[in-house]
Amino acid sequence: MTTKIVTSKSAPAKEVEKDASMVKQKEMMAAHYDRLTSAPETGEKVCATFVPGNLNELIMCFGLVNNLPEVNAIQNGLRRQSGSYVLEAEKIGHSEDVCTYVKSDVGMMAKGNIAPNGKKFPNPDVLLLSYTGCFTFMKWFELLREQYKCETIMLHTPYMGDGKITKNMIEYMVKQLKDDVIPTLERISGVKFDIDRLRENLRKSTRAEDDLVRVLQSAKNKPSPIDGYFGGIYYIGPIFGAFRGTDDAIDYYRFLRAEVEERLAAGKGPVTPDGDMPKERYRLVVEGPPNYTHFRQFWKMFYDEGAVVVASSYSKVGGVYDFGFRHDPDKPLETLAEYCLGVYTNRNLPQRIDMLTNYVNEYEADGLLINSIKSCNSFSAGQLLIMREVEKRTGKPAAFVESDLVDPRYFSAANIKNRLESYFQMIEQKRASARAA
Amino acid sequence: MATSLNGSKTTDIVGRAQALFDDLSFEAARQWKAAQPGRKVVGYMPIYVPRELIHAAGFLPLGVLGGGDQLEVIHGDAYYQSYICRIPRSTIELGVSGRLDFVDGMLFPSICDVIRNLSGMWKMMFPNVYVRYFDVPQNYRDEIGGNYYVNELAELLHDLGELRGKPVTDDDLRHSIAVYNENRRLVRDLYTYRAQYPWQAPAPEVYLILRAGLVLPVEEHSQMIRDYLAAARDEERARRDNCRVVLTGVFCEQPPLNLIKSLELAGCYVVDDDLLLVTRWLTGDVPIEGPPLQNLAHAFLHHSESTAAKYEPDLKEKGQHLVRAVRRSGAEGVIFACPSFCDPALLDRPMLQHVLKDADIPFIAFKYAENSGQMQPIREQAGTFADSIKLWSGT
Ligand code: SF4
Ligand code: SF4
Numbered sequence: 001m002t003t004k005i006v007t008s009k010s011a012p013a014k015e016v017e018k019d020a021s022m023v024k025q026k027e028m029m030a031a032h033y034d035r036l037t038s039a040p041e042t043g044e045k046v047c048a049t050f051v052p053g054n055l056n057e058l059i060m061c062f063g064l065v066n067n068l069p070e071v072n073a074i075q076n077g078l079r080r081q082s083g084s085y086v087l088e089a090e091k092i093g094h095s096e097d098v099c100t101y102v103k104s105d106v107g108m109m110a111k112g113n114i115a116p117n118g119k120k121f122p123n124p125d126v127l128l129l130s131y132t133g134c135f136t137f138m139k140w141f142e143l144l145r146e147q148y149k150c151e152t153i154m155l156h157t158p159y160m161g162d163g164k165i166t167k168n169m170i171e172y173m174v175k176q177l178k179d180d181v182i183p184t185l186e187r188i189s190g191v192k193f194d195i196d197r198l199r200e201n202l203r204k205s206t207r208a209e210d211d212l213v214r215v216l217q218s219a220k221n222k223p224s225p226i227d228g229y230f231g232g233i234y235y236i237g238p239i240f241g242a243f244r245g246t247d248d249a250i251d252y253y254r255f256l257r258a259e260v261e262e263r264l265a266a267g268k269g270p271v272t273p274d275g276d277m278p279k280e281r282y283r284l285v286v287e288g289p290p291n292y293t294h295f296r297q298f299w300k301m302f303y304d305e306g307a308v309v310v311a312s313s314y315s316k317v318g319g320v321y322d323f324g325f326r327h328d329p330d331k332p333l334e335t336l337a338e339y340c341l342g343v344y345t346n347r348n349l350p351q352r353i354d355m356l357t358n359y360v361n362e363y364e365a366d367g368l369l370i371n372s373i374k375s376c377n378s379f380s381a382g383q384l385l386i387m388r389e390v391e392k393r394t395g396k397p398a399a400f401v402e403s404d405l406v407d408p409r410y411f412s413a414a415n416i417k418n419r420l421e422s423y424f425q426m427i428e429q430k431r432a433s434a435r436a437a
Numbered sequence: 001m002a003t004s005l006n007g008s009k010t011t012d013i014v015g016r017a018q019a020l021f022d023d024l025s026f027e028a029a030r031q032w033k034a035a036q037p038g039r040k041v042v043g044y045m046p047i048y049v050p051r052e053l054i055h056a057a058g059f060l061p062l063g064v065l066g067g068g069d070q071l072e073v074i075h076g077d078a079y080y081q082s083y084i085c086r087i088p089r090s091t092i093e094l095g096v097s098g099r100l101d102f103v104d105g106m107l108f109p110s111i112c113d114v115i116r117n118l119s120g121m122w123k124m125m126f127p128n129v130y131v132r133y134f135d136v137p138q139n140y141r142d143e144i145g146g147n148y149y150v151n152e153l154a155e156l157l158h159d160l161g162e163l164r165g166k167p168v169t170d171d172d173l174r175h176s177i178a179v180y181n182e183n184r185r186l187v188r189d190l191y192t193y194r195a196q197y198p199w200q201a202p203a204p205e206v207y208l209i210l211r212a213g214l215v216l217p218v219e220e221h222s223q224m225i226r227d228y229l230a231a232a233r234d235e236e237r238a239r240r241d242n243c244r245v246v247l248t249g250v251f252c253e254q255p256p257l258n259l260i261k262s263l264e265l266a267g268c269y270v271v272d273d274d275l276l277l278v279t280r281w282l283t284g285d286v287p288i289e290g291p292p293l294q295n296l297a298h299a300f301l302h303h304s305e306s307t308a309a310k311y312e313p314d315l316k317e318k319g320q321h322l323v324r325a326v327r328r329s330g331a332e333g334v335i336f337a338c339p340s341f342c343d344p345a346l347l348d349r350p351m352l353q354h355v356l357k358d359a360d361i362p363f364i365a366f367k368y369a370e371n372s373g374q375m376q377p378i379r380e381q382a383g384t385f386a387d388s389i390k391l392w393s394g395t
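For the record, the sequence lines run as chains C and H. Under the working numbering, the first residue of the first sequence carries the number 1, and numbering increases by one thereafter. Under the working numbering, the first residue of the second sequence carries the number 1, and numbering increases by one thereafter.
So here's chain H without its partners, still in its complex pose (with noise of 0.2 Å):
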């Protein structure tokens, strides 16, 4: 990218990366299917999925993000109020608009109202689409909520194995697990070295490099990782003197990459976000050994990410996943951003400050839209609190 020399490794990685982020027909995805007789593809929105069941099928997950600054939205605002968010009426807009007509199915997780009323719209005006809302527990307590999930997750795998016409076997599903263990395992490869490098793997590059992750087979993206990391460790970039922040909020409607580029631009590095977390949900390795929808279940319960879709029990708790990631990645600011009437960001906001405060630590706040085009308003504060950063630790 803009430090990058041209022709280097990073760029032809990114580049593919770019192209695949700019293809709004997903033609890798449909090329996948069609290179076999009965493929299918399992699109997903955010916030998670286990993909390791649409994977153990033999099927592709296609992570499903709305429409981002490039799509013209012309059927879907006659679906939505302008006072939701975009991500549904872009998707929508997706939906109609043919480029997701090889779709065979449709998940929507439970994050927030407004994908929850979408998965029931999904049904009616899609009706050959295999659509479920996927709920997942807010109990975390083995014997209830565990219990609860594992049928969930019992009755999605069956549903796959009828769509594929094969019921999909505990072996499958353990392959599938140990791939998606991989993923995960470079992605967080990825994280540390970028909190630790942030000038040699820049947030625009690390973003479509996971965001490849959602179109691609899952083994694929996962050399993608290996590739772009041994790359970015070879060459040598230019050193900016950025402050560094964690991006926080953006885990559903995606902010244009030109926000993201804008605040690397405006001095600040982020070194950890919200972005995409179904590529790193679950925080470590899921057993292989042992019955595998009870080591998902295990997994979501015990050991996955922290996020507003998720009740947090323990009041002492609330909040504290971002306080470590900033002392993880060393970070010495939070942003906040969150998409315009997003419930889950919004709400959580305020707690999420507070927690902030208490541990002293600066952030900034500010709102977007995926299809947001003046950047000028957030460079200049994302500018500004890198300056006040820098003034801070200078003193």
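Extracted from the complex, chain C is given alone in its bound form (with noise of 0.2 Å):
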């Protein structure tokens, strides 16, 4: 399933092969940003939400545009905008200290609040500050809504302290859902809610959700077909972003497990920018965001080694579905409080350790690797005491290196070199080690 398609004309024509399913999510993501930047004209509704806890089946049932401003702080990392986002937020008053997607978001505001298409971004409608696993998510629609002085709806997810979902929890959340989260949507759109709607938009996600699984799984084969880290970020875009219960995202994950299954079917292993990865040499399972000022550089140092990712945990912010989880039609509302519950950073950490050793085990990886990110405690804070736990659990060898989302002083490749060359030479030391035992 390839499509030719020739690049920028300003550049020499030269001709990549690219998968129906990039293809596709370019053009998802091209027609969702002009959507977004185009709503001023056409009168649609703007919610602005978070990427764990998404309600896109509930959004979409309003008619509203959803915009992420963790997607655009990632799309801002990758264009090499977010240092300058950074700084301008340091610059009126932001910590250093603080969650650099916040800052980027709020320095690109103050710097004319640009689209990646070059357009502006249209003010939102409404602040859907969807409060789960991370802290930062409340202060950071407070600072937009001093901006945008717009209304903020706070559907607050418990956290699962005890790795529990309780009755409460669910039934606390329920009744936000119906007596908040909806009436306000309601009142804003204009729009009636339709619970046949929500059911509709929740069947079609779970079509989604049941391919994307089988994607990330495929890394259970060896060679893998798949990263599940560095790919993975652009295999989770669609169904963490704005895409969860539409036509399209089905379509994508169609043509995703297609392709993969075609890779597996030929023994290759992940794509990479580079082209096919060549010989699998280390199996990894990677906890923490990764650095996306410095995405290839950082992913090169990886297949450059022979080191592909069969699992991340990063891969599972916007929602686990690995352990069977899908979106239920028939509780409609209950079902997008379990999904908010569940989200990888709102389980305690004896969940992330467990999740962490079982994808090790499952995946038969060589050993976990922590990239620790500088400006985010809902994922950093703990994790030296994962990897301790998950290295005495499994019996392999783990490693931690660290950096940061969006903001590139803290990106230092020769460190980061230095510490994964370490890693593999442990990694094959143990191999050594285990033959000669």
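What the hints contain is simulated information worked out from the structure, not anything from laboratory work. Incorrect hints may appear among the rest.
[Said to hold, decoys possible] Within a straight-line C-alpha distance of at most 27 Å, the following computed DSSO-like cross-link-like pairs (lysine-lysine) qualify:
hint	chain 1	residue 1	chain 2	residue 2
1	C	K119	C	K45
2	H	K166	C	K91
3	C	K268	C	K417
4	C	K91	H	K367
5	C	K91	H	K318
6	C	K45	H	K318
7	C	K192	C	K149
8	H	K316	C	K175
9	C	K91	H	K33
10	C	K164	C	K45
11	H	K316	C	K149
12	H	K318	C	K111
13	C	K430	C	K279
14	C	K45	H	K390
15	H	K261	C	K111
16	C	K149	H	K357
17	C	K268	C	K222
18	H	K367	H	K261
19	H	K40	H	K9
20	C	K175	H	K318
21	C	K111	H	K316
22	H	K166	C	K164
23	H	K318	C	K178
24	H	K166	C	K167
25	C	K178	H	K316
26	C	K111	C	K149
27	C	K149	C	K119
28	C	K300	C	K222
29	H	K318	C	K149
[Unchecked claim] Only part of the chain C face toward chain H is listed, based on derived beta-carbon distances under 10 Å:
hint	residue
30	N113
31	K139
32	K149
33	L155
34	H156
35	M160
Heads up, the beta-carbon is just placed ideally off N, CA and C, and yes, glycines get one too.
Assembling the complex is the task here: the two chains are given apart, and the hints tell you how they should meet.
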């Protein structure tokens, strides 16, 4: 399933092969940004919300366009614009210590709020503060509310402190949805809530979720046909973004699954920016978000060494589907609650450790690598214990590197490369001693 | 302290509070527990837990606030990267060094992701301790957030009942609510008195007196406040030509005592602050009559302090608590002191500063860590701030 694409007019004509899923995703993203930036003309209303706890199926019931500030920050990171945005935010009084997603967003606003398509982002009509998995979300939307002066809806997801979802938690969330979130969205959009429309959207989500899980779990094969972290970031894009519950997402994941199955049948490894990955030498599980300002350089440090990430926690940040959860159209509000409760960073530390241990074992990985993000307490606080514990439970070596999401000042290529090299050596030594034994 | 006479009553009382503050092994709490078989101690971290529930079970609530500037952190650093605040690592240090080995339960309130994740770490590291992440509602409607909170409280109460081997009754709870109402009233009296006569009740003393309430049984602490207030009223102390400030951002990781002292020495009387909010989180008396958990929930939803960890649903209200604190205490400016790497304090700060600007209230800001040693820069900054305030008020 490939399409021939001719790259931009100004560049010398060079043909690259793109998978149908990649083409599809590009089109979806471009269309989405166009829809967003033309909202002032079309009259469509915009709802900003977060990736974890993203209630796209519900938002669509009201005809609202979903805008996700983390995705914008990522785009700005990949385009190397976030650095200047972060500095701008610091100049206007934001601390150097806090989450750089927030600062990238605030800085982008201060510098004209330009979307990746070069047009201005519209002001949101509503901020749906889906508060799950990260404290910063609350402050982030309070900061945006201060700027936009628009309506803000808090949807509080309790933390899974005891590693379980209780009846009280679900009831609390369903009540918030029924009595607060839905009536406010109705008022803002002028559209009456239709539970059947929600069910239909949820039904569509489930189909895409099934395919996503098949894709992610294909990494259990040797060699793995996918990279579940660097590649995984592209795979999760549509479902974590503005497309869960749409036909587009169903198509995208169908294409993607077919491509991955094709690669699997052909015994191929993952696709990288430099083409097919050569021989798989190391299989890793990665915990923590990536760095986006040097994304390719970071990834290259892995594939140059034949290291493939077979599973990652970051690819679960907008929803954990690989342990069985699917959106359930038969209990539409409860399922939204369950989804929000179950996102990766809303799970307690012992659950995160269990998950990562399970990945190392199930995906037959050589060990766990943690990319600790300087400005993200939600992920980072506790990672050193996670590392030791997973190492202890699996008997596989673990390693720790540090960077930041979208602040280029905290990406030290030499440091990370050194650490990775020593880590790969450590894995080799482990293998050698296992063979000797 | 510096301005009180040696051997005066305040010196004695503050001396006792200082000894409790200095004791990183919690001897007083250990003795309390050892005094009677079956006694238990339940620790809690900032920012708020309903201590009434712990008290009603017959247990001692014990505030755990990190290790301050006197604790040598040997193990704690192995658990945290350099870009995470200090309080979790020194708290871990207290745990792994055995200083909390007499603590039967630990509550980790919903304040930030660091404390949240620490709750899971505690579960793993101290499997014999009852550990609970204490979530509170961010929705303030009685039938939504209120119901949720009542059920959470009921779960906690149930667990505490199990811990003591006998359920906690409504009457137990009512009694505890009354005891804590009294304590909160006294804390408020102390704050009002200090706002009026900050030279009579200097901020470092008020802090120590308050802090004693995190390790002493509440009844004893109430008596301590009464004694301190009476003694302070009885004494004539030298009045400095200081300006009056509200200190904010200090709600979790504790500023070193020296920092608070430095502010006063630099010319700033602290007339209000957000230190140890648990001591006055609920802003009015909780009714004794009626269902106690509902009463506590109602007080939480409608009559509690504002702080960074709590969502403010109304844009117009955002930050107004700080303006009110300034007006109420007659302060002339605000000092933002935030722990390094503290998301709640640092993310909230720009919004609060905008509100202060609109209200024409001057402010300065700096960061600290619980073990900051160098006070000179802070003293200089606060000194300049005090001078400029005096200059403004002079013109
Ligand atoms: S999860 Fe981390 S990166 Fe995302 S908003 Fe929260 S602190 Fe920032
Ligand atoms: S100091 Fe701030 S970041 Fe650190 S634990 Fe306390 S509230 Fe959280």
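Now for the hints, and whether the structure bears them out:
no.	hint	in the structure
1	C:K119 / C:K45	17 Å, holds
2	H:K166 / C:K91	57 Å, violated
3	C:K268 / C:K417	26 Å, holds
4	C:K91 / H:K367	17 Å, holds
5	C:K91 / H:K318	22 Å, holds
6	C:K45 / H:K318	26 Å, holds
7	C:K192 / C:K149	24 Å, holds
8	H:K316 / C:K175	26 Å, holds
9	C:K91 / H:K33	52 Å, violated
10	C:K164 / C:K45	36 Å, violated
11	H:K316 / C:K149	10 Å, holds
12	H:K318 / C:K111	25 Å, holds
13	C:K430 / C:K279	20 Å, holds
14	C:K45 / H:K390	51 Å, violated
15	H:K261 / C:K111	42 Å, violated
16	C:K149 / H:K357	18 Å, holds
17	C:K268 / C:K222	9 Å, holds
18	H:K367 / H:K261	16 Å, holds
19	H:K40 / H:K9	32 Å, violated
20	C:K175 / H:K318	25 Å, holds
21	C:K111 / H:K316	26 Å, holds
22	H:K166 / C:K164	25 Å, holds
23	H:K318 / C:K178	26 Å, holds
24	H:K166 / C:K167	25 Å, holds
25	C:K178 / H:K316	25 Å, holds
26	C:K111 / C:K149	18 Å, holds
27	C:K149 / C:K119	22 Å, holds
28	C:K300 / C:K222	20 Å, holds
29	H:K318 / C:K149	12 Å, holds
30	N113	18 Å, violated
31	K139	4 Å, holds
32	K149	7 Å, holds
33	L155	8 Å, holds
34	H156	4 Å, holds
35	M160	9 Å, holds
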